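Asks: Chain residues, written in single-letter form:
There are 2 protein chains.
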Amino acid sequence: MATVGTSSSDDAKSHAAGRTGRLFDGLSLPASADFHVHLRDGEMMAAVAPTIVRGGVDVVFVMPNLVPPITTVEHAFAYQQAIAKHTDAQTLMSLYLHPSITPDTIKQAKKSGVIFGVKSYPAGVTTNSASGVVNYEQFYPVFQAMEEEDLVLNLHGEAPPADDITVLNAEEAFLPTLFDLHKRFPRLRIVLEHCTTGAAVEAVAKCGPNVVATITPHHMFLIIDDVVGDPINFCKPVAKLPADRLALLKAATSGNPKYFLGTDSAPHLLGAKRGGLDMHQVGKCAAGVFTQPYATQLVLEAFEAAVAKGVVKQEQLNLTTLEGFLGDFGRKFYRVEPSGRRIKISAKGEQVVPSIQVGGSNANSSGQVIIPFRQNNPIYSLEWTS
Amino acid sequence: MATVGTSSSDDAKSHAAGRTGRLFDGLSLPASADFHVHLRDGEMMAAVAPTIVRGGVDVVFVMPNLVPPITTVEHAFAYQQAIAKHTDAQTLMSLYLHPSITPDTIKQAKKSGVIFGVKSYPAGVTTNSASGVVNYEQFYPVFQAMEEEDLVLNLHGEAPPADDITVLNAEEAFLPTLFDLHKRFPRLRIVLEHCTTGAAVEAVAKCGPNVVATITPHHMFLIIDDVVGDPINFCKPVAKLPADRLALLKAATSGNPKYFLGTDSAPHLLGAKRGGLDMHQVGKCAAGVFTQPYATQLVLEAFEAAVAKGVVKQEQLNLTTLEGFLGDFGRKFYRVEPSGRRIKISAKGEQVVPSIQVGGSNANSSGQVIIPFRQNNPIYSLEWTS
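Residue numbers (the numbering used here), protein chains in the order written: chain V, 2 to 387; chain F, 2 to 387.
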């Protein structure tokens with residue numbers, strides 16, 4: 002597999018000087034698992050899917066929010082085949098919760114062996130969520146079938162737009178729905194995706210063992226101050242308060258198997274991220290942070306920064322905790338066997354996070370690039386050792 | 002004076018169809034006063050200063066955050082002369098609170114007749130605030146001189162960056178400082194500028210009559226959801242929650258002379274607003290919302306929208322309240338005589354908010370434009386009737 006530490010990108014200059022306090026230099030780990038990725042399609046997929054392995058990841062749970070959304074087993078299967086042309090990472094596929102999905106679809110999905118979960122998007126809250134859920138009650142028969150077939154329900158946990166709902170309280174306002182679904186379908190395995198608040202972390206802790214949460218690397222770095230006025234850091238759900246970031250860091254380093262990595266890596270072209278390329282107006286910026294090529298590295302950078310700031314104790318970061326958050330806990334929840342492949346982290350070949358080209362030869366002049374999270378920041382390098 | 006309703010801008014298409022529920026069609030008002038503007042310098046000033054009158058405004062309080070900041074009477078006077086080449090609006094000048102300012106500077110400032118206030122920027126919180134205040138105590142002798150000379154203290158009311166301070170709570174965290182300064186210098190006239198929270202509105206109400214607040218038009222439209230992912234709506238202080246917006250609308254329509262218009266109109270080139278024009282990376286977006294050419298019109302649009310939503314009662318919007326917020330209250334506080342000029346609002350020649358060119362002939366190709374707040378939205382037209 003590719004070695005990020007010797008990437009040929011022009012932008013990826015090595016930092017000979019190095020930084021001090023590098024906790025993870027030389028660390029050997031099992032391959033990571035990323036249980037929340039957006040791989041898009043077309044040229045974007047061709048640019049993004051090959052970067053999965055650069056992040057030390059060999060299995061991904063793939064979100065279904067294409068246009069149109071993936072609502073059939075056939076579509077999911079075709080999408081998986083298309084992705085496989087660009088990566089040898091294992092792909093766990095999902096369906097987009099939609100009125101066209103019936104209990105029978107769920108049975109087919111289970112039988113396919115390809116589909117591991119069904120993703121629920123509340124209508125209108127994030128990228129390509131226009132086809133999303135307005136009312137969960139209509140899906141109770143589907144949830145019951147999922148419980149019986151043992152398929153995972155993946156929740157984008159934000160209350161839909163309303164007068165008293167903002168980007169700040171939408172996640173907390175969703176939590177009663179989480180509790181309600183858990184109560185109605187107690188054996189249904191549920192993932193509260195990309196949780197961003199202390200309230201969400203606590204809610205998941207209160208539920209039974211079949212309710213878990215993914216945590217993204219970027220939400221362990223960001224607060225709302227980093228989001229306003231910085232389109233690259235804008236995603237849904239938005240990063241919240243310092244206390245929320247701290248709660249995520251504590252959950253991710255707790256060794257509790259309820260919390261594991263899902264990057265929510267969500268690439269957009271530069272033009273979309275900055276609200277267009279028009280020289281006379283600015284539109285809304287696309288929501289999404291791109292972390293795919295640095296999934297493992299960013300988690301380690303976030304943990305290290307938290308130790309340096311004194312908000313996480315270094316002794317928390319033992320191998321069991323690290324391996325658990327980065328892959329073990331998620332694999333056990335999704336019942337995926339580890340591949341046995343391993344990666345090694347190094348501070349010596351440290352890289353600078355470069356942008357990624359999308360598409361053909363005119364790319365330079367038209368904003369056809371993806372700007373990754375923490376662009377131009379130094380980051381651990383990573384190589385595959387088996 | 003110029004008639005906005007017959008602007009020659011290519012972008013300003015008239016809306017023949019018109020909108021319903023236009024409360025202010027045909028309204029005649031005294032010229033408005035804007036007690037918080039950023040006019041910049043150079044080409045930007047040349048583009049921006051002429052738009053003051055388009056907003057129905059004939060007197061402005063001019064902020065001193067140039068680079069370098071305005072800290073001497075001479076600099077303020079020269080700046081006023083430069084502005085006068087581009088507008089016949091009356092300009093009330095200010096100094097930037099800075100260690101180089103002494104009680105003697107304050108005496109000179111008062112004697113000049115040109116300077117009406119001293120603006121305090123907490124270090125690091127907004128555009129060109131790097132020279133700002135770290136500790137207020139060092140300025141007590143200056144504040145005492147201001148109290149004696151009866152110069153206004155203009156406060157950017159946000160606590161400086163700290164671990165537990167975010168863009169969301171920085172204003173509320175500043176309020177104890179407001180109370181403290183008011184207690185120490187009870188006769189000092191203080192303006193809490195561009196207040197954005199219900200807490201700030203209440204704090205000002207609790208103080209004596211010589212503590213007042215300006216309110217911007219954009220904060221009567223926006224909440225935090227409108228700011229994340231939209232660089233045009235990004236300013237400091239950021240827009241807060243729906244309850245805060247409601248408190249601002251209620252204060253502005255209360256008829257209480259403590260609350261009056263200060264637009265905080267703050268132009269930036271498009272490139273700066275969208276985090277640069279580089280096709281390979283995105284920087285931080287400049288903080289500031291540009292409302293100058295529509296100062297009066299935007300206030301009326303905000304009030305009308307609030308009535309339509311049922312959060313403000315139409316009977317609040319009597320002439321005394323409107324004229325008070327738009328000019329009377331501020332003029333009385335600053336002791337400025339009204340000019341006697343009048344404006345007329347019209348729904349018939351309704352405009353679309355266009356962008357504004359800055360500088361020379363290459364403007365089209367290089368993002369040399371200012372994108373105003375609510376670009377491409379329809380807005381009342383305004384003409385000067387005397």
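By construction, these hints were calculated from the structure, which means they are not laboratory data.
Accuracy of the hints is not assured; some may be wrong.
The list treats identical chains as one, so a pair stands whether inside a single copy or across any two.
Distance condition first, Cα-Cα at most 25 Å in a straight line; then the derived SDA-like pairs of lysine to any residue [to be verified]:
| id | residue 1 | residue 2 |
| --- | --- | --- |
| 1 | 345 | 28 |
| 2 | 285 | 353 |
| 3 | 285 | 358 |
| 4 | 111 | 142 |
| 5 | 310 | 385 |
| 6 | 207 | 318 |
| 7 | 86 | 311 |
| 8 | 111 | 21 |
| 9 | 345 | 208 |
| 10 | 333 | 386 |
| 11 | 111 | 67 |
| 12 | 285 | 227 |
| 13 | 108 | 284 |
| 14 | 285 | 273 |
| 15 | 310 | 164 |
| 16 | 285 | 376 |
| 17 | 310 | 334 |
Since the structure is predicted, the reported quantities are computational estimates derived from the model, not experimental observations.
Asks: At most 25 Å between C-alpha atoms: does residue 108 with residue 284 qualify within a copy, between copies, both, or neither?
Replies: Classified as neither: same-chain Cα gap 42 Å, cross-chain 48 Å, threshold 25 Å.
Asks: Give the relationship of residue 285 and residue 273 under a CA distance limit of 25 Å: within one copy only, between copies only, both, or neither.
Replies: Classified as both: same-chain Cα gap 8 Å, cross-chain 16 Å, threshold 25 Å.
Asks: Regarding residue 207 and residue 318, is the shortest C-alpha distance of 25 Å or less found within a copy, between copies, in both, or in neither?
Replies: The answer is within: 24 Å in one copy meets 25 Å, while 50 Å across copies does not.
Asks: Classify it for me, residue 111 with residue 142: is the Cα-Cα distance of at most 25 Å met within a copy, between copies, both or neither?
Replies: within (16 Å within a copy, 76 Å between copies)
Asks: Classify it for me, residue 285 with residue 358: is the Cα-Cα distance of at most 25 Å met within a copy, between copies, both or neither?
Replies: both (22 Å within a copy, 21 Å between copies)
Asks: Given a CA cutoff of 25 Å, do residue 111 and residue 21 count as a within-copy pair, a between-copy pair, both, or neither?
Replies: Cα proximity of residue 111 and residue 21: none, with 49 Å in one copy and 54 Å across.
Asks: What label fits residue 86 with residue 311 when the C-alpha limit is 25 Å: within, between, both, or neither?
Replies: neither (44 Å within a copy, 56 Å between copies)
Asks: How would you classify residue 310 and residue 385 at a CA-CA limit of 25 Å: within, between, both, or neither?
Replies: Neither: 30 Å inside a copy, 59 Å across copies.
Asks: With 25 Å as the alpha-carbon cut-off, assign the pair residue 111 and residue 67 to within, between, both or neither.
Replies: Classified as within: same-chain Cα gap 21 Å, cross-chain 65 Å, threshold 25 Å.
Asks: At 25 Å max between alpha carbons, let me know whether residue 310 reaches residue 334 within a copy, between copies, both or neither.
Replies: neither (31 Å within a copy, 47 Å between copies)
Asks: Regarding residue 285 and residue 227, is the shortest C-alpha distance of 25 Å or less found within a copy, between copies, in both, or in neither?
Replies: both (17 Å within a copy, 9 Å between copies)
Asks: From the Cα coordinates, with 25 Å as the cut-off, is the pair residue 333 and residue 386 best called within, between, both, or neither?
Replies: The answer is within: 23 Å in one copy meets 25 Å, while 76 Å across copies does not.
Hints 5, 7, 8, 9, 13 and 17, counting from the list given before, are not met by this structure.
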